[in-house]
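> What follows is each chain in one-letter form.
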Amino acid sequence: MTSLPQTTHRKLGLVIDLDTCVGCHACVIACKGWNTENYGAPLSDQDPYGADPVGTFLNRVHSYEVQPAAAPAQLVHFPKSCLHCDDAPCVTVCPTGASYKRVEDGIVLVNESDCIGCGLCAWSCPYGARELDAAEGVMKKCTLCVDRIYNENLPEEDREPACVRTCPAGARHFGDFADPDSNVSKLSAERGGMDLMPELGTKPVNKYLPPKPKDTWEGEVDVLAPWLEPVATEATGFLGWLDKALEKI
Amino acid sequence: MTFQPPELDTSPKVSDEIRKTTCYMCACRCGIDVHMKDGKVAYIEGNRDHPVNKGVLCAKGSAGIMQHNAPSRLRAPLKRVGPRGSGEFEEISWDEAFEIAASKLAPLRAKSPEKLAFFTGRDQSQSLTSFWAQSFGTPNYAAHGGFCSVNMATAGIYTMGGAFWEFGQPDWEHTKLFMIFGVAEDHDSNPIKMGIGKIKARGAKVIGVNPIRSGYNAVADEWVGITPGTDGLFILAMVHELLKAGRIDLDYLARYTNAPVLLDCDPKSEDFGMFLRSDDGKPLVIDRKTKELVAFDTPGIMPDLTGHIRRAGVTHHAVMHQMAEKYLDPQYAPEAVAERCGIPAARIRALAAEVARVAFEEPVVLDREWTDFRGETHKQMVGRPVAFHSMRGISAHSNGFQTCRALHVLQILLGAVETPGGFRFKPPYPKPVEAHPKPHCGVTPGAPLDGPHLGFVQGPEDLALKPDGSPVRIDKAFTWENPMSAHGMMHMVIANAHAGDPYKIDTLFLYMANMAWNSSMNTSGVMKMLTDKDENGDYVIPNIIYSDAYSSEMVAYADLILPDTTYLERHDCISMLDRPISEPDGAADAIRWPVVEPDRDVRGFQSALIQLGAKLGLPHFTNEDGSAKYADYADYIVNHERKPGIGPLAGWRMGEEGLTTGRGAPNAAQLKTYIENGGFSVTHIPKEAAYFKPWNMGYQDWAVGMGFYDAPAPYIFQLYSEPVRKFQRAAEGIGEHQPPDHLRDRLKKVMDPLPIWYEPFEGTMVDPDRYPVHALTQRPMAMYHSWGSQNAWLRQLHGRNPLYLPTKLMREHNLSDGDWARVSSAHGEIIVPVMEMAALNENTVWTWNAIGKRKGAWALDKDAPEATDGFLLNHLINELLPPRGDGQRWANSDPITGQAAWFDLKVRIEKTNAPTESQPSKAPQKSPVGQGPKELRWKVGK
Amino acid sequence: MHPAPSIIAFTTLSGLGLGLLFWLGIDPDPSGGWVGFTFFTLAFGMTGIGLAASTFHLGHPERALKAFSQWQSSWLSREAWAAASAMLVMGLYAFCLIVLGVHVAVLGWLGALLCMATVGTTSMIYAQLKTIPRWHHWSTPVLFFALSLGGGALLAGKISMAIFLIALAGGVQAYWFWQGDLRFGDAGATIGTATGLGDRGSVRAFEPPHTGTNYLLKEFVYVVGRKHGDKLRLISLGLMTVLPLMILLTNPHHLMAIIAVLSHVTGVVVSRWLFFAQAEHVVGLYYGKR
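Residue numbers (this note's numbering), protein chains in the order written: chain A, 33 to 281; chain B, -14 to 927; chain C, 3 to 292.
No wet-lab data here; the hints were simulated from the structure. For every residue, glycine included, the Cβ atom is placed at its ideal position computed from N, Cα and C. Keep in mind that a hint or two might mislead.
Claimed, not checked - Distance ranges between label pairs, derived from CB positions:
no. : chain 1 : residue 1 : chain 2 : residue 2 : range
1   : A       : H41       : C       : R292      : 36 to 46 Å
2   : B       : V581      : A       : V135      : 49 to 59 Å
3   : C       : L67       : A       : H41       : 27 to 37 Å
4   : B       : R796      : A       : P100      : 55 to 65 Å
5   : B       : G643      : A       : H41       : 47 to 57 Å
6   : B       : E346      : C       : R292      : 46 to 56 Å
7   : B       : G872      : A       : P100      : 47 to 57 Å
8   : B       : D486      : A       : V255      : 52 to 62 Å
9   : B       : T356      : A       : E261      : 31 to 41 Å
Claimed, not checked - Some, not all, of what chain B presents toward chain C, calculated at C-beta under 7 Å:
no. : residue
10  : Q781
11  : L782
12  : R785
What the hints assert, rightly or not - Chain C side only, calculated, beta carbon under 10 Å to chain B, not exhaustive:
no. : residue
13  : R206
14  : P211
15  : H212
16  : G214
Could you build all of it, start to finish, from the sequences and the hints given here?
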């Protein structure tokens, strides 16, 4: 049955660094490319050259403006794909067992040949991680590139999700959250990895690293002031100082 | 019932074969792995071994598969059958196409070669296209640099022998503070993203200076939302603060720059403002050890920054003295510039202080011994880990040259150029201005031009002027209106050709430049110029030949179309003779090769050009017996030698004792070897030669070996630019080459040999109350100019472009997201949808560039959102500034380099009712390739 | 949520049909013959058309049988079982009653129970979804039961029962409408929690990931007709409850009874349209929409 596994052996997932993501959409298209050619049905596009192009994507980059109380507004780029939740509601609602969470690594997948395309899993997902492909009539979602990460036809260094491999800024990290010493566990611990919509109780595996504090020098003028202690206020004084300074070289 | 997980093949076959070539989804030139299945392109990813992108790839690159298969691809040569602009064509054979082209061009070459204007756009084969134009004999050749970032490139070359992007990059491994000014996000896009990621992972800080906080500025730790066009003032305020605090690298300035060079400081002297030189022309300095007057490069000296001497009654001071006098002036104090720049004085100070702290408190020291050009050996390499980067944001203003100079001077004052942690050159740069050619314009009918078209003037004597003082070139490059227009002025060609000013031309030959749309200022005007007829009913610009791979807007305006291939179907070389893909630690070049053969009757433009050259009998493309010298571009890449031993590709040449790099004879197996090696060749610089390159004899010798120079050419950085002073001096009335009187005052002012700031021209010429708002464009990272809109995947990301308004202006005009506004400039008006953006300079509006499309172009539906909602800001920008009192109209360009001043635009915003579509709306063009399919289910493998 | 006609038809018709079957099943003195045949045809017809309609929104209706497999975890699977067994048992009951002329009361009671189980499972498909706070509430199943039983009673001609239940359904519906407006806020999900950026300042959606639409926006962010929401709610209540009650309380003849039925069904359709159209999915937060 598609009840969730009690535990999974590994907890594979992503860390997404909101401090570093420049919003370039590289991950979006690498994902589209890989998953169009691989895992299951291609990600189709309707009216691709027309007035209302609509296609299936498994990863999309939003952007948000944050207005702090007393600082300039900030812009945060925000990639979003399946979070491979520990308590994934999309799995338990599935009537056919097509939607399942793997015991070995926690990846949430759709077995497309069992999917009836009822859409309920997408309804149950708070994150918009699932999209019903209009051409194929089955639910598509991030597979964490399950056909890359174990793929023996790929060199070992390429056995990571397409989005991670392509990310130019290195804002995406892939690893095993069940291992406290993994890169992702450590990054998440060091940088305060966040859950999205924790109040919905889905226990996402993917973590988001919050942006670091910004625009802090406004208030640090005094701290920095010694670095601009004048040696002179006009040219003559400066040249005098220069002469002395050159003696010391 | 236990759940049985389905059988899952976690090791499916990825592809039959990987073919490695170079991306062309933008100008970044990343290496790509093209996965093939059944002979078709199945998937594209970054090449991990490639020096540019090291495996990563941007959205455009990954979407290449949709570009390669785009329905907008042209299929065969086309001859226009309807009126210009209609898009009505008939397909013809290549033989007929060449026959038509030759019938127009051969008579021109025989009588008046200048009547051919050959201009290329985002061309990565300028070494060939310029060579062809030179062989044809026309002086009228350039690529798109003039409307792109020539200010940055030229200011960099004149100041320090290179600029950003292709010339150099931050030392990402060591820098501790990265400051980025206005950058088009597709310029060096992956390397910058990789660099930012790298330094952020190290905890280093990023400062973004940009009116708009998107992209790189969104991840900046500190954002400086500067008022457009005031960057120079802000930079000079930082210079003011750093000088005042003595936070400059004195040792570096003394050794490696012209700060100690003695300058004639007597206004009454004939040579006022010129360097004191030795009899053999070398600038002189005072040696601090011996107090003697010596040539700057004398071995063993320590040039004195406070040097001064009185000679023949004339006072000479070191350049440093002049700089102190100039920049310590209170006009550059933070308080004096704060309001104009839109940055509080305290914040300018804090930024300067942090730059100073990192530069001088946290130096990077590498234990690498090296010897400088004065023969002194240094045990270590000491660097200032503050790195800068900038592109169009500061470049595309009419004060851009001086602003870019200011930025380069700032880096140099900090000792942060070519030192660890700072900015580093990529071979073949650094290269001083003297090592570049000067512009050539000697026309002889029936014979080649007397040398390369483009180059760097060193004084008024190098301008491209006829004896009567009129311009030789159709674009008026290298004239008193813009003396240092090193990349030409493509944005002026159509307007000048239409006006017959300075003369009429016969044939306009363009490649890969969407001049009838987003690549032109004044788009509506240009469309009209291209279709205007004279009193006889003939087109004012008689013939237009165009080469493009896709059904762009420009296609509709040409009489003859030479259809290009897609980037996966072609040969190319990214050459040391042009703009290679080198890294600071190595020289690298690369190729493209047909990883798939075209399934249409198209040819790579370069091959077509070579074949046309042979048909015209151009000397460099024809053997003595009249036969074609090269079969196609691949043949040319391998066998052409620009000078003995130096060809388009540096890798795997044939030396006397086997294969060699740099200098060597052609090698028939060269392309095959490139392909086997991933499509590129890298030669690493020895570690001891990797920094201090302009002065490091290790580097100089290595560069000679590679063929970049014929002999070592060490030089010092030009904080004070004597060539610029020469033009100013001429404007003051000195010398035999004199500017026209109406330009004297302007030249005196802008041709300041030390960086200055002046208000961008449009701002001074339009009524600030009527047009109070700055308007800019940016390129989305996922789109490259117009190319992205034909791409089924990318156009879903950016299918329409709103005008982004800051919160203050939204409130002021009572606008909400989705409302429409009339945006007017002194030149025109558009009606467009608006959206609010808070992280934006409060007096600036902006939109994404080149999303808007003409109906019928790019094989899109005529109701595509690009055509109905999307818009171009270009309609608001003219090639010329508004008329002045004296009836003269100045080009809307930088007065020094002629760079198109796109970002000077000032506008007015008014709320308006929603029209049915964005305005102005243009009549549709007929698509010569039909329209794309209704659905895509792209999967190559079965 | 996108008010898909197939799902509106399904829940409306099958709710009424199952409600009618319930009353037919528990009737201590059921009519056989043509009268019984007519009632059962109507009930099975509505339920059957409803169930058939529900398959129209499937991407792969031919695989619908697979939906029986996950009854241990999935409400949708349970619904499939409940619906199928309800139809089977009630079919058998009707066969005995009409064809054989035998009233097997136990079968009727069991069938009636299964009918209500079907309505219950259907309602739980919606009520279980935390992502749609308006649905995720005990009142959702109550509303479904009340409407099914009330409508069924109306169709079955159980006038007094119908009066009571339709009045009850109207009350529950009104409560569900207006109290439901608070639920999204009560659930606590905001653009701040959705992005994790809420503690840094006020968060506003800037550029969406795509300038056109997509499956998520079409399916979950339905904003058409929102401004007429209150009007439509009153229309729904008027047609579903007020008008039928007025007619029933005046002891109607057949024609008026048919008008009462049609009015009620129309009211339920409007209610169901609003059920979807006014339900806000939390994913809208990512798009700055609700």
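> Tell me the hint numbers this structure goes against, listed in increasing order.
Violated hints (numbers, rising): 2 and 4; every other hint is consistent with the structure.
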